[in-house]
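S.K.: Residues per chain, in single letters:
2 protein chains.
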Amino acid sequence: MKLTKIPEQCAMVLYLSRWLALSAVIGVLAGAASSALLVALDWATATRMSHPWLLWLLPIAGLAVGLAYHHFGKSVEGGNNLLIDEIHDPQRIVPRRMGPLILVGTVITHLFGGSAGREGTALQMGGVLADVVTRVCKLNKEDRRILLMAGISAGFASVFGTPLAGAVFGLEVLAIGRLRYDAIFPCFMAAIVADQLPGLLGVHHTHYAVPFVPHMSVLVLGATIVAGIAFGLAGMFFATATHGLSHLFKRWISYAPMRPFVGGVIVALAATLLATDKYLGLGIPTIVASFTQPLLAYDFFGKFMFTIVTLASGFKGGEVTPLFFIGATLGNALGYVLALPFPVLAGLGFVAVFAGAANTPIASTIMAIELFGPEIGSLAAVACIVSYLFSGNTGIYRAQLVGDGKF
Amino acid sequence: MKLTKIPEQCAMVLYLSRWLALSAVIGVLAGAASSALLVALDWATATRMSHPWLLWLLPIAGLAVGLAYHHFGKSVEGGNNLLIDEIHDPQRIVPRRMGPLILVGTVITHLFGGSAGREGTALQMGGVLADVVTRVCKLNKEDRRILLMAGISAGFASVFGTPLAGAVFGLEVLAIGRLRYDAIFPCFMAAIVADQLPGLLGVHHTHYAVPFVPHMSVLVLGATIVAGIAFGLAGMFFATATHGLSHLFKRWISYAPMRPFVGGVIVALAATLLATDKYLGLGIPTIVASFTQPLLAYDFFGKFMFTIVTLASGFKGGEVTPLFFIGATLGNALGYVLALPFPVLAGLGFVAVFAGAANTPIASTIMAIELFGPEIGSLAAVACIVSYLFSGNTGIYRAQLVGDGKF
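Read top to bottom, the protein sequences are chains A and B.
Heads up: the first sequence is residues 1 to 407, going by the working numbering.
Heads up: the second sequence is residues 1 to 407, going by the working numbering.
If you are wondering where the hints come from, they were derived from the structure by calculation, not from laboratory data.
Take these hints with a grain of salt, some might be off.
Over 10 Å on every C-beta distance to chain B, these chain A residues come out as not near it, computed from the model [stated by the list, open to error]:
id, residue
1, SER75
2, GLN91
3, ILE93
4, PRO163
5, PHE212
6, LEU219
7, TYR255
8, ALA275
9, PRO285
10, THR292
11, VAL337
12, SER378
13, LEU389
Per label pair, the in silico range of CB-to-CB distance [what the hints assert, rightly or not]:
id, chain 1, residue 1, chain 2, residue 2, range
14, A, LYS74, B, ASN140, 23 to 33 Å
15, A, ARG398, B, GLN91, 34 to 44 Å
16, B, TYR15, A, ARG251, 28 to 38 Å
17, B, ASP42, A, VAL288, 39 to 49 Å
18, B, PRO341, A, CYS137, 32 to 42 Å
19, A, PRO211, B, GLU142, 38 to 48 Å
20, B, LEU14, A, SER217, 22 to 32 Å
21, A, VAL288, B, GLY373, 20 to 30 Å
22, B, ARG18, A, ALA339, 22 to 32 Å
23, A, VAL39, B, TYR336, 39 to 49 Å
24, A, LEU219, B, GLY202, 20 to 30 Å
25, B, LEU248, A, PRO90, 45 to 55 Å
26, A, PRO211, B, ARG18, 31 to 41 Å
27, B, LEU248, A, SER217, 50 to 60 Å
Note that beta-carbon positions come from the ideal geometry of N, C-alpha and C, so glycine has one too.
Build the full structure now, drawing on both the sequences and the hints.
M.R.: Spelled out as structure tokens, the structure:
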């Protein structure tokens with residue numbers, strides 16, 4: 001019996017204490033920032049709903065966001081990809097201005113009716129706060145890398161109320177097909193602490209209910225795999241279309257601030273022509289509805305188009321809540337043809353389109369369990385993994401490395 | 001918008017169909033084998049309980065197991081490590097005899113009162129069945145590697161009734177600190193299919209209940225971290241003690257079949273002197289009791305000693321159910337000193353000692369959610385990760401590679 005391991009355990013106590021403190025700090029900061037974001041987005045959404053004419057100002061809002069980033073935000077335009085790049089290859093501290101710019105940009109996008117998400121904002125605020133801590137505590141490069149990952153985990157966990165999915169997301173998003181454990185304690189601890197903040201500050205997350213999950217059978221498994229393929233293709237097309245359209249905007253409109261102006265015109269006109277506001281903003285009411293009633297079979301496509309125009313033209317926000325919308329409504333639509341209850345398909349689509357687009361199948365599976373309960377676990381795993389396999393080696397985060405490949 | 005990805009998706013349909021078939025086959029085979037094992041162990045345990053004198057035959061039973069492996073089983077003595085080695089560095093097909101030898105050896109160990117587990121048996125049967133499929137389907141080296149991993153996932157999933165934990169275990173157990181995704185679909189699919197078999201065949205898993213999980217607080221988090229350290233040290237000492245004692249047995253007793261004979265004498269004498277049978281066999285009743293009532297504070301130590309003597313001397317079975325026992329009773333004992341309800345600590349110990357000894361923190365966290373419900377998720381993650389960090393770079397599976405390290 002070797003007992004020579006004891007000194008290693010002493011070093012581990014120091015490691016644990018140090019990272020417990022650092023993770024708690026970044027967890028509290030990122031959790032508070034996410035709470036502020038959630039409150040601000042609730043306000044922006046409620047204001048837009050009660051003043052529909054705000055949509056007509058969307059082009060002007062786009063111009064304002066574009067001008068702000070053009071004059072003050074060139075160094076932080078990379079957004080999430082900048083963070084992922086910094087983790088892979090640390091170059092310089094993330095500029096603090098990324099925080100206020102993305103927060104204000106996101107709130108403006110949502111106030112005037114752009115179709116976008118919020119996790120990108122939470123992640124970037126988490127990243128900025130991690131680098132504030134890096135500076136204050138004079139951390140070295142390696143510690144900084146870990147803290148940035150913890151900041152991503154904390155941001156994701158607190159904005160969606162899913163601590164374990166957030167923790168795994170921070171570990172899983174960096175590379176396709178590989179997960180390293182060197183940041184496992186900081187990522188989980190920061191995510192768990194951050195997840196406490198919204199509740200403590202009186203901010204609540206939306207509740208989604210999948211009332212009944214059928215027993216596993218060949219038919220159920222088959223339907224889940226077919227749905228998974230559809231979700232993966234949706235995720236891939238979303239990522240490809242966003243990158244492609246962004247490229248086109250850049251080629252067609254050389255003056256950057258004009259791009260979100262034009263994007264705003266397109267979104268405002270489209271919503272007016274379709275006479276609906278359901279593809280604007282986060283779209284939470286439609287996501288909730290996809291669990292409770294059959295929806296229009298093309299709702300997922302509407303959200304898809306509104307979101308790629310909004311984000312590719314230069315509005316700010318995230319991709320993930322629109323991906324939840326696209327997935328939940330696509331799942332709902334698949335309920336017309338597949339032998340699974342539509343609330344189950346909505347739940348599977350919710351997590352699986354995201355799994356494919358972000359290449360994060362394990363975080364997405366855990367998210368399904370955290371949001372919808374453990375009964376959906378096995379089906380969610382199948383849908384998320386199949387979606388991940390079918391979404392190709394691209395994703396919404398271009399800075400993601402291709403690790404060991406998908407198969 | 002690049003649409004050149006389509007051919008890749010066609011190749012993926014072929015990949016998916018092929019691995020769906022292979023995973024389903026290995027899932028059905030491994031699930032059926034696990035069901036047979038569970039039935040056989042139920043019979044062996046019931047028979048031993050109603051005929052306590054069987055314990056006195058434990059030395060003879062040990063001699064029989066020792067002779068069988070000495071004359072017919074030298075090539076498969078490596079057990080789980082042989083499987084892990086074959087996955088890392090494929091050399092030759094796993095001999096089919098590993099299946100019957102480990103099954104009969106395990107049943108004999110349990111029938112006569114050895115203290116051991118069952119997952120090693122399920123894993124090895126899964127591995128042998130995977131190589132039977134390899135031979136029949138003439139798979140190449142790379143496919144064989146994936147199928148062996150799927151066999152491990154399927155065996156683990158079906159023997160414990162935890163499909164997602166089993167799937168992740170097969171991916172996570174190969175290397176410390178790193179998880180590769182290249183076998184993700186086969187491992188999950190085989191695990192999910194295998195998990196169906198015991199239920200279909202009328203075999204049921206034990207139900208453990210953690211009735212109440214306290215809300216997160218600084219005190220709760222602190223107690224969980226302290227408990228996690230204790231669980232990690234227990235896991236490390238278990239692995240170190242089993243390896244060390246096995247080494248001593250080999251040095252002291254050169255004729256291999258005599259080792260389990262001597263081990264059997266020690267176990268039988270100790271149980272008689274202590275006048276208890278609760279450290280014999282799987283110990284399920286005591287594990288269940290650790291969730292419902294305060295137990296003796298040294299029960300974990302009793303199981304620890306009985307198990308290392310049983311396994312280090314050459315009896316067959318697994319390590320994991322004894323680790324569940326050690327963890328659940330150690331957690332129960334910590335209820336005397338830590339500010340957490342003892343059923344919560346029992347549940348945390350159940351998964352976290354295993355997480356530390358096997359270096360599988362994510363599989364163990366998922367297992368906690370599958371066995372005890374999602375409420376325990378965050379605490380289980382903390383306990384499992386802290387245990388994993390404190391268990392050092394050794395574990396019960398010596399063939400495990402040290403991947404990217406723990407921190």
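S.K.: Would you mind marking each hint as holding or not holding in the structure?
M.R.: Each hint tested on the structure:
1. SER75: 29 Å, holds
2. GLN91: 22 Å, holds
3. ILE93: 23 Å, holds
4. PRO163: 5 Å, violated
5. PHE212: 17 Å, holds
6. LEU219: Non-interface label on LEU219 of chain A holds, nearest chain B Cβ at 13 Å vs cutoff 10 Å.
7. TYR255: 24 Å, holds
8. ALA275: Per Cβ check, ALA275 of chain A is outside 10 Å of chain B; nearest 28 Å; holds.
9. PRO285: At about 26 Å from chain B, PRO285 of chain A clears the 10 Å cut-off, so the statement holds.
10. THR292: 22 Å, holds
11. VAL337: Nearest chain B Cβ is 18 Å from VAL337 of chain A, so the label holds.
12. SER378: 5 Å, violated
13. LEU389: 6 Å, violated
14. A:LYS74 - B:ASN140: 23 to 33 Å: Roughly 51 Å apart at Cβ, these two residues miss the hinted range, so it is violated.
15. A:ARG398 - B:GLN91: 34 to 44 Å: 41 Å, holds
16. B:TYR15 - A:ARG251: 28 to 38 Å: 36 Å, holds
17. B:ASP42 - A:VAL288: 39 to 49 Å: Given range 39 to 49 Å: holds, Cβ gap about 46 Å.
18. B:PRO341 - A:CYS137: 32 to 42 Å: Given range 32 to 42 Å: holds, Cβ gap about 36 Å.
19. A:PRO211 - B:GLU142: 38 to 48 Å: 43 Å, holds
20. B:LEU14 - A:SER217: 22 to 32 Å: Check passed, 24 Å falls within 22 to 32 Å.
21. A:VAL288 - B:GLY373: 20 to 30 Å: This hint holds: roughly 24 Å between Cβ atoms.
22. B:ARG18 - A:ALA339: 22 to 32 Å: For ARG18 of chain B and ALA339 of chain A the Cβ distance comes to about 24 Å; the hint holds.
23. A:VAL39 - B:TYR336: 39 to 49 Å: 44 Å, holds
24. A:LEU219 - B:GLY202: 20 to 30 Å: Check passed, 22 Å falls within 20 to 30 Å.
25. B:LEU248 - A:PRO90: 45 to 55 Å: Check passed, 48 Å falls within 45 to 55 Å.
26. A:PRO211 - B:ARG18: 31 to 41 Å: Given range 31 to 41 Å: holds, Cβ gap about 36 Å.
27. B:LEU248 - A:SER217: 50 to 60 Å: Check passed, 52 Å falls within 50 to 60 Å.
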